[in-house]
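Enquirer: Below are the chains, spelled out letter by letter.
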Amino acid sequence: MSTFYFIAFLSIFFSILVISAKNPVHSILYLILTFFTFTIHYILMNAQFLAIVNFIVYMGAILVLFLYTLMLINLNKESEPVKPFMIKIAAVFGGGILAVALVSSLKSLGASDPVVLKNPELGLVKNLGKILFNEFLLPFEVSSVLLLSAMVGAVLLATRDPKETKATI
Amino acid sequence: MDSLTNTIQEVPLNHSILLSAIIFSIGVMGVLLRRNAIVIFMSVELMLNSVNLLLTAFSVYRGDAAGQVFVFFIMALAAAEVAVGLAIIVMIYRNTNSVDINVLNRLKW
Numbered sequence: 001m002s003t004f005y006f007i008a009f010l011s012i013f014f015s016i017l018v019i020s021a022k023n024p025v026h027s028i029l030y031l032i033l034t035f036f037t038f039t040i041h042y043i044l045m046n047a048q049f050l051a052i053v054n055f056i057v058y059m060g061a062i063l064v065l066f067l068y069t070l071m072l073i074n075l076n077k078e079s080e081p082v083k084p085f086m087i088k089i090a091a092v093f094g095g096g097i098l099a100v101a102l103v104s105s106l107k108s109l110g111a112s113d114p115v116v117l118k119n120p121e122l123g124l125v126k127n128l129g130k131i132l133f134n135e136f137l138l139p140f141e142v143s144s145v146l147l148l149s150a151m152v153g154a155v156l157l158a159t160r161d162p163k164e165t166k167a168t169i
Numbered sequence: 001m002d003s004l005t006n007t008i009q010e011v012p013l014n015h016s017i018l019l020s021a022i023i024f025s026i027g028v029m030g031v032l033l034r035r036n037a038i039v040i041f042m043s044v045e046l047m048l049n050s051v052n053l054l055l056t057a058f059s060v061y062r063g064d065a066a067g068q069v070f071v072f073f074i075m076a077l078a079a080a081e082v083a084v085g086l087a088i089i090v091m092i093y094r095n096t097n098s099v100d101i102n103v104l105n106r107l108k109w
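Protein sequences appear in the order of chains A and B. Going left to right, the first sequence walks through residues 1 to 169 as the numbering used here numbers them. Going left to right, the second sequence walks through residues 1 to 109 as the numbering used here numbers them.
Just so you know, nobody snuck in bad clues.
Facing chain B, from chain A, some residues (calculated, C-beta under 8 Å):
| hint | residue |
| --- | --- |
| 1 | 28 |
| 2 | 31 |
| 3 | 50 |
| 4 | 132 |
If you're looking for bench data, these hints aren't it; they were derived computationally from the structure. Yeah, the Cβ is synthetic: ideal placement off N, Cα and C, and Gly gets one too.
Next up, chain A with everything else stripped away, as it sits in the complex (with noise of 0.2 Å):
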């Protein structure tokens, strides 16, 4: 049970340091840190086959991929941009107006049940995947269809526009 707490405090402190971090590259390795609690959390709700995805989805490819893009705009000649004082208590205290409502309808619940594992088979990859080819066949196909064209869009937003080196050429 404190093991769940201990994690939770962490999570909380490293998102904490991400947006807090002057560096935007200290920021990513933080965020590395937080999606590594989420991690941790997903195994300690056996939810093994998310833990896996989470660690190689998003701490491998996705935070990679943030970090080259940080190397490909140096961000070294002149240090990051910050806001006026009075902005940023602005947008610590809308962010906070936003936790307390959070909580607070939070509170009305009352006592909730605790989150009992009924079944302990339900986060294995046997499991999901019967669920997934099943239930969501469709959905995944169409998740396929996103990805290639999300791929493309990446693509043609990236690369120059053809004339226009030409032109500069």
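Once you've looked at the hints, dock chain B against the given chain A.
Expert: Okay, now just chain B, sitting in the frame of chain A:
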């Protein structure tokens, strides 16, 4: 593995919701606070992940595996979103030579 997963047994569902709400709010705060487009993007990822965590908690609570399948789809969507979004950021950087989102304030007209 059994002893590890037994630790979750006594945690009330409210505390999982609380954790996700706090991390979501931190993500919102990050979007409002920062001007670097990449850090804003990372805050959006933080919000997506907090929702993933909550969906998994509800899925375990209800004993319904559909929630975890939704999380899988959200992860596929996040991968696509990151690819397109970072391409847009790189293009903005090429055109304006900065990733400061205030450069783009003419978009509101």
